[in-house]
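Q: Protein chains in written order, with the numbering used here: chain H, 4 to 400; chain C, 4 to 400.
Rather than coming from a laboratory, the hints here were simulated on the basis of the structure. Predicted model, so just to flag it, every value in this text is computed and none were measured. Just so you know, not all the hints are guaranteed correct.
When chains are identical, the list treats them as one kind, so a pair holds in a single copy or across two.
Calculated lysine-lysine pairs in the DSSO-like style (CA-CA distance at most 27 Å, straight line) [as the list claims (entries may be wrong)]: (1) K75 to K112; (2) K75 to K132; (3) K153 to K28; (4) K8 to K252; (5) K153 to K75; (6) K112 to K132; (7) K153 to K112; (8) K75 to K28; (9) K153 to K132; (10) K174 to K112; (11) K174 to K319.
Protein chains: 2
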Amino acid sequence: MPEKKKLVVAKFGGTSLQSAECREKAVDHCRALMEGTEKLIIVVSAMGRQGDPYATDSLLNLLSEESSTGEKDRLMACGEVISAMVMASSLRAGGLQAEALTGWEAGIKTDGVAGNARIVSVETSLIEKALESAQAVVIAGFQGVDRHGKLNTLGRGGADTTAVVLGVALKADEVLLFKTVESIYTADPEKVPFAKKLTRISAEDLRHMAWQGAKVVHPRAAEASLSAELPILVRSFCSGNVVTEVVPKPLEDTRYIVGVAAGPVVSGFTVGGSGKPSVFFARLFSRVAALSVSMDMFSVWGCSAAFTVPEGDTGKVSALIEEMECPYTVKGPCAKVSIVGAGMHGLKGVMARFCRALDSAGIDALQTVDSHATISALVSLEDRDSALAVLHREFVE
Amino acid sequence: MPEKKKLVVAKFGGTSLQSAECREKAVDHCRALMEGTEKLIIVVSAMGRQGDPYATDSLLNLLSEESSTGEKDRLMACGEVISAMVMASSLRAGGLQAEALTGWEAGIKTDGVAGNARIVSVETSLIEKALESAQAVVIAGFQGVDRHGKLNTLGRGGADTTAVVLGVALKADEVLLFKTVESIYTADPEKVPFAKKLTRISAEDLRHMAWQGAKVVHPRAAEASLSAELPILVRSFCSGNVVTEVVPKPLEDTRYIVGVAAGPVVSGFTVGGSGKPSVFFARLFSRVAALSVSMDMFSVWGCSAAFTVPEGDTGKVSALIEEMECPYTVKGPCAKVSIVGAGMHGLKGVMARFCRALDSAGIDALQTVDSHATISALVSLEDRDSALAVLHREFVE
Chain H
4 MPEKKKLVVA
14 KFGGTSLQSA
24 ECREKAVDHC
34 RALMEGTEKL
44 IIVVSAMGRQ
54 GDPYATDSLL
64 NLLSEESSTG
74 EKDRLMACGE
84 VISAMVMASS
94 LRAGGLQAEA
104 LTGWEAGIKT
114 DGVAGNARIV
124 SVETSLIEKA
134 LESAQAVVIA
144 GFQGVDRHGK
154 LNTLGRGGAD
164 TTAVVLGVAL
174 KADEVLLFKT
184 VESIYTADPE
194 KVPFAKKLTR
204 ISAEDLRHMA
214 WQGAKVVHPR
224 AAEASLSAEL
234 PILVRSFCSG
244 NVVTEVVPKP
254 LEDTRYIVGV
264 AAGPVVSGFT
274 VGGSGKPSVF
284 FARLFSRVAA
294 LSVSMDMFSV
304 WGCSAAFTVP
314 EGDTGKVSAL
324 IEEMECPYTV
334 KGPCAKVSIV
344 GAGMHGLKGV
354 MARFCRALDS
364 AGIDALQTVD
374 SHATISALVS
384 LEDRDSALAV
394 LHREFVE
Chain C
4 MPEKKKLVVA
14 KFGGTSLQSA
24 ECREKAVDHC
34 RALMEGTEKL
44 IIVVSAMGRQ
54 GDPYATDSLL
64 NLLSEESSTG
74 EKDRLMACGE
84 VISAMVMASS
94 LRAGGLQAEA
104 LTGWEAGIKT
114 DGVAGNARIV
124 SVETSLIEKA
134 LESAQAVVIA
144 GFQGVDRHGK
154 LNTLGRGGAD
164 TTAVVLGVAL
174 KADEVLLFKT
184 VESIYTADPE
194 KVPFAKKLTR
204 ISAEDLRHMA
214 WQGAKVVHPR
224 AAEASLSAEL
234 PILVRSFCSG
244 NVVTEVVPKP
254 LEDTRYIVGV
264 AAGPVVSGFT
274 VGGSGKPSVF
284 FARLFSRVAA
294 LSVSMDMFSV
304 WGCSAAFTVP
314 EGDTGKVSAL
324 IEEMECPYTV
334 KGPCAKVSIV
344 GAGMHGLKGV
354 MARFCRALDS
364 AGIDALQTVD
374 SHATISALVS
384 LEDRDSALAV
394 LHREFVE
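Whole structure, please, built from the sequences with the hints as guidance.
A: This is the structure we're talking about:
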């Protein structure tokens, strides 16, 4: 008989806990896991999706627009607390000795950024104490408290991050992310129908895929596993099978580009300034930041700057630039399309192939940016899917 | 122009916050209060009643029976947190500068008894800080944390207690309890149709009425006001008018019995023991307590004991006594009916009139108990309403 794993962290998302039937199935998964595991940590998201009463979006909809992020945080955190208590109850009804903890009771400390906090540390003693008496400890994901005891949430997908961070902090043997998807793919299969399943991906590549817009695993979750030798397995909530293995180290045996991804709908600005460039840029960027607008794809030349902002913020950014009396152009709707792969670092000619591929399909790259692990182009929204397809054909197939 | 009150605490119960329309009306009440008040503390219960998704009972229904009281506490506390955040948002939408705090953020410390905690102290500095920037601070009622930081709830009606305790701690000018009732009555008008409205009642009498089963104000809320010179006004949520004034000092100008009340449905046990009485009673009562069954109407004579337990616990208490091999009888369903009035202390002949009144209506008192402010009899459930009526006629009219 193989030796039991000492500790496994399993995370269930909102759709996996949506109904009593779904929770029943989640309990079945946990019961099966207990056969090969001594102790189980179960991290949960809020139950269900928009429309279900305890889902994050439904809770947020109870508030009017101008609510403070702190109030939103405390309201949203209730979704996962409710879910944790309910899941512990379901596990016990299913014959497992389970106990539930909120994020703050589990010792999860954050940096205090409301609505998008990072976990800075975990005081594991509280979880370890709970594990002494219970086989399974359910922990409310997506939340923690800052050093003043203030509740914070971790941003969309944050329960993934909770699971991986807890796995690292508790020296778990394995982290399982139960997902209602069939796999992690080389591209979003809704946009690129011939996308391929990725049975293995390095944590670093997964992180870049996630930051570039792939929605399967929260980027900070992948990030958290990088520093530790902690395997993450994405399992199908439906079949229970492992669909993708996320390995902490770079993979030697794969091609250097793992996939393509597209980000949200944005507008691309180019702004011409005057005077001393450093003064102009400091003024422009700090005024945009003061609007709480997040910018991407910065590039500057001379006294001119290009950047993108979320499509919904186009109006207020335009107004600001007009107030500054600068000439500018704005293009949209656009999207950033990227090729991702930490292995491309140092390879020559990739950018040339990237631009040639887009050009061969008649697609204008309005702007490009690159890092050691990604090359991205801003394209018209109408060109997005064909850009993904042509890049996938060029680099992934 | 009359001087403004410095600080008023206003509490809204679940039915007063059930729908967006109700919350709108609650905001109207708050706006009207702000005209005569510098700062407002608003204490809220969970929104709605059984069936509404965020009501206490609906949250509890998500759990299976055997959940720990600690988990129930943390789940239930979400109801008031959600309510507080939503109410603050509604107040802001209505033009008031409002901020929301959870019970623990408001510095409410409890004794750690899950599901039925008492507030032991309030660290008011956190609320005072919030009051510096906001006109109105909304606080989640019914909750606090013990010295280990564990969430506790205060038991049914606990938001009343939160409001009064905060009123005392913050030296408020006044506590307003908005209720969807027309008045506090001399008896439950559903059971005694000729019950009279009480426009004034002393906090002590109100407390006894509540402990004996009158449901309008949480007994610990009345208790909390006893030690302070703090007036509590029960206001109609519908009309906004004051319906009953709860005065901290005994009233000089009222009759000595303020009302009659009936408790929940119970079973009456009599048990015969053997051996040394003190040993037998210690064994019996500690074994019943170990079942988490709350007992009432204790009386002991020789080696025999009588007591009541909630009707739902009859089976397990019977089983325990059979296991102890003691002779016993159990009568039920029964109810305790009481006359209440701190003024009856020292008066002669009250017990005689009490028994005569029941007898005149052909009602058997299965057992009686009395204190300085109450006289109670255990009667068959079918006799309950006529017992209340005859006692009301004898003592209140």
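Q: Now tell me if each hint is right for this structure.
A: Status of the hints after comparison with the structure:
{"no.": "1", "hint": "K75 to K112", "verdict": "both (18 Å within a copy, 24 Å between copies)"}
{"no.": "2", "hint": "K75 to K132", "verdict": "between (31 Å within a copy, 20 Å between copies)"}
{"no.": "3", "hint": "K153 to K28", "verdict": "neither (34 Å within a copy, 31 Å between copies)"}
{"no.": "4", "hint": "K8 to K252", "verdict": "within (21 Å within a copy, 66 Å between copies)"}
{"no.": "5", "hint": "K153 to K75", "verdict": "both (12 Å within a copy, 22 Å between copies)"}
{"no.": "6", "hint": "K112 to K132", "verdict": "both (18 Å within a copy, 23 Å between copies)"}
{"no.": "7", "hint": "K153 to K112", "verdict": "both (10 Å within a copy, 17 Å between copies)"}
{"no.": "8", "hint": "K75 to K28", "verdict": "between (31 Å within a copy, 23 Å between copies)"}
{"no.": "9", "hint": "K153 to K132", "verdict": "both (23 Å within a copy, 15 Å between copies)"}
{"no.": "10", "hint": "K174 to K112", "verdict": "within (18 Å within a copy, 35 Å between copies)"}
{"no.": "11", "hint": "K174 to K319", "verdict": "neither (46 Å within a copy, 45 Å between copies)"}
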